[in-house]
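2 protein chains.
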Amino acid sequence: METSHGLVETPMFMPVGTQGSVKAIEQRELVELGAQIILGNTYHLYLRPGVDVIESAGGLHGFIGWNKPILTDSGGYQIFSLTDLREIEEDGVTFRSHVDGSTHVFTPESVITIQRQLGSDVMMVLDECAPHPCDIEYAQRSNGLTIRWAERCRNAFEQDGSRYGHAQGLFGIVQGSIYREIRELSAQALVKMDFDGYAIGGLAVGEPVEQMYEITEFCEALLPREKPRYLMGVGTPQNLLESIERGMDMFDCVLPTRNGRNANLFTRTGSLNLRNAVHKTDLSPVDPECTCYTCKNFSRAYLRHLFQVKEILALQLATIHNLSFYLWLMREAHKAIHQRRFAEWKHSILSGLRTGQVGIQ
Amino acid sequence: METSHGLVETPMFMPVGTQGSVKAIEQRELVELGAQIILGNTYHLYLRPGVDVIESAGGLHGFIGWNKPILTDSGGYQIFSLTDLREIEEDGVTFRSHVDGSTHVFTPESVITIQRQLGSDVMMVLDECAPHPCDIEYAQRSNGLTIRWAERCRNAFEQDGSRYGHAQGLFGIVQGSIYREIRELSAQALVKMDFDGYAIGGLAVGEPVEQMYEITEFCEALLPREKPRYLMGVGTPQNLLESIERGMDMFDCVLPTRNGRNANLFTRTGSLNLRNAVHKTDLSPVDPECTCYTCKNFSRAYLRHLFQVKEILALQLATIHNLSFYLWLMREAHKAIHQRRFAEWKHSILSGLRTGQVGIQ
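Sequence lines, in order, name chains E and L.
First residue of the first sequence? That's 7 in my numbering, and the numbers climb one at a time after it.
First residue of the second sequence? That's 7 in my numbering, and the numbers climb one at a time after it.
Keep in mind that the hints are not guaranteed to be accurate.
Identical copies go unnamed one by one, so any copy, or any two together, can satisfy a pair.
Claimed, not checked - Straight-line Cα separation of at most 16 Å, EDC-like style, residue types lysine to aspartate or glutamate; simulated pairs:
1) K302 <-> D288
2) K74 <-> E38
3) K233 <-> E8
4) K286 <-> E61
5) K341 <-> E15
6) K74 <-> E35
7) K286 <-> D58
FYI, nobody ran anything at the bench for these hints, they're computed from the structure.
Note that this is a predicted model, so its numbers are computed, not measured.
Next up, chain E with everything else stripped away, as it sits in the complex:
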């Protein structure tokens, strides 16, 4: 995927920088680990520091000191998570800030304007992410709204140009819950609007993992092959491999960073909980095959100690390792795809992940 801030090789995992920082890691470290694109959350950045502050810095790239690509969501997902604090109407969504309770409105047009002000390389349409489970009537009504909002976003995108002279793309989001017929309507309507890429939303919200794969596969077949496909909010290493096999190109998830901060480290043989006493005098690295700063310089025993005594360095080193693992996995997937041995490679990785004692679901 080409952007004004550089090429993104797919498949790609996007570290999540909700508030303008990928938690507990420095921007130069993200570059060192091979991160090619990060995600910012429009809802959070709109509330703090506020779009005016980011605009005064020439956009989000300048404000946060990151000159590679950035994708911003539309804020929809966060707002719909504020179950008791928002009201959805045809025009848009009214919500109360989780910070100070103040009232705000996001419309399809305003989220485009905000993302123009942020200057992200990839912008997302405003959609409603239907909850799971939801009945078919709700999913149908919700999807109708999501399609009308996508159309309004598309129009606003044409009329409201780039602020900083660099190109920005706009992705549509396929919704429709677990219902194939609604997913199909959604994908067809969006494809007609000709977006720069297509996300599959409304998955990884509590449905069984097999259903997630099935819907992903179903949607994928409805999307143009030449455009990037982004599976939102997914997932575990296993989820990523299964979804890549089903044609997905881009992913974002807080799992590697959040798990890292909870002492849960991903390895080529599964995962480790560094709080376990078994690591107390374990001088081996988290993952002997990993080449990240953490694994090259520190032992499980030291990391366990840092977690036990609540040192901030524990969060830093765990984040470096977990993101290193995810980005390594994407690079290896990229290689395997180009060498036409993805299925074989995936099998060997999944076998490795199953050998560890502690699985992650």
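Given chain E, work out where chain L should sit, using these hints.
Just chain L, lined up with the frame of chain E:
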């Protein structure tokens, strides 16, 4: 100062790594900033992870992944801070752990053994740091004990050799509160024992800053010129310059790291509180003359935002800058001393520090 883990150029500020980590900064970043020696706290490391764990890693250097010099304190200062949890007797001090309430005893001999197990390059004797204010009778009694303990540490040091094959030095600690006559007794007794260096303890505990300088100057004259002098727990940039002028070589203090974590950043013109609204859209770096990663890449506005939204990166970037400032100050002092223009240089730095709006005391 030469050690088995390399040369330490003086004057030198030692970042404080209480629990085996200088808070919120990576070991490679300490090296990048020019840190030549760090401090570890025997009391904390003894409790967690425990000396057995560190010994199994071949000592503290190996355990924490730091191959430059380390100085460890004797644990005395921390224990005496546990006012209600410790009892001092001739043989040593009995204390209750702040972690789990368990009872432990430190004697002059045991703190030498522990520091041998830690493998620090510079070890400190067990002393009593008298509180401020304290009457002359208390200071005399306390100093008598401190001298007897120093002698016992000196003997244990001879009998209990290095565990890991590298040389370790032992520093004495001059006590005596604000009383010149006791400071003199202390210094004379310690100098007779011929330590590898001498610390001045019991200052920066609440006495007026002028008294601190006066006692420092008084003690300095009693110590051998060819041995390093370490002023414990000091201090602000101003304190450091005044103390260097009075012959001090080594310093440790949590001020740069702790202040950084509280959004208080040192600059060449004083200091900044990054929480202040005045920085909201300030695109200038924390200190325009600073070459650290933080100042080269990020604005005050971004750092302020990170503090406002409680991102861990705020702590990381502030720590990098503040330690960078302290270590720069020490390098410049070193240069000025060698060029025989210290007084002039010090005057220009102090004038600069006074131009800022927000002073730090």
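Verification of the hints:
Proximity of K302 to D288 under the C-alpha cut-off of 16 Å is restricted to the intra-copy arrangement: shortest distance 15 Å within a copy versus 38 Å between copies. Within a single copy, K74 and E38 get their C-alpha atoms as close as 12 Å, which meets the 16 Å cut-off; across copies the closest is 24 Å, which misses it. Within a single copy, K233 and E8 get their C-alpha atoms as close as 11 Å, which meets the 16 Å cut-off; across copies the closest is 62 Å, which misses it. With identical chains, the CA atoms of K286 and E61 are at most 16 Å apart between copies only, with a shortest distance of 12 Å across copies and 48 Å within one.
In the homo-oligomer, the alpha carbons of K341 and E15 lie at most 16 Å apart inside one protomer (10 Å), although the nearest pairing across protomers, at 49 Å, exceeds that limit. For a Cα distance limit of 16 Å, the shortest separation of K74 from E35 inside one copy, 13 Å, qualifies, whereas the shortest one across copies, 23 Å, does not. When the C-alpha separation of K286 and D58 is checked against a cutoff of 16 Å, the pair qualifies only between copies, where the shortest distance is 10 Å, while the shortest distance within a copy is 49 Å.
Violated hints: none; the structure is consistent with every hint.
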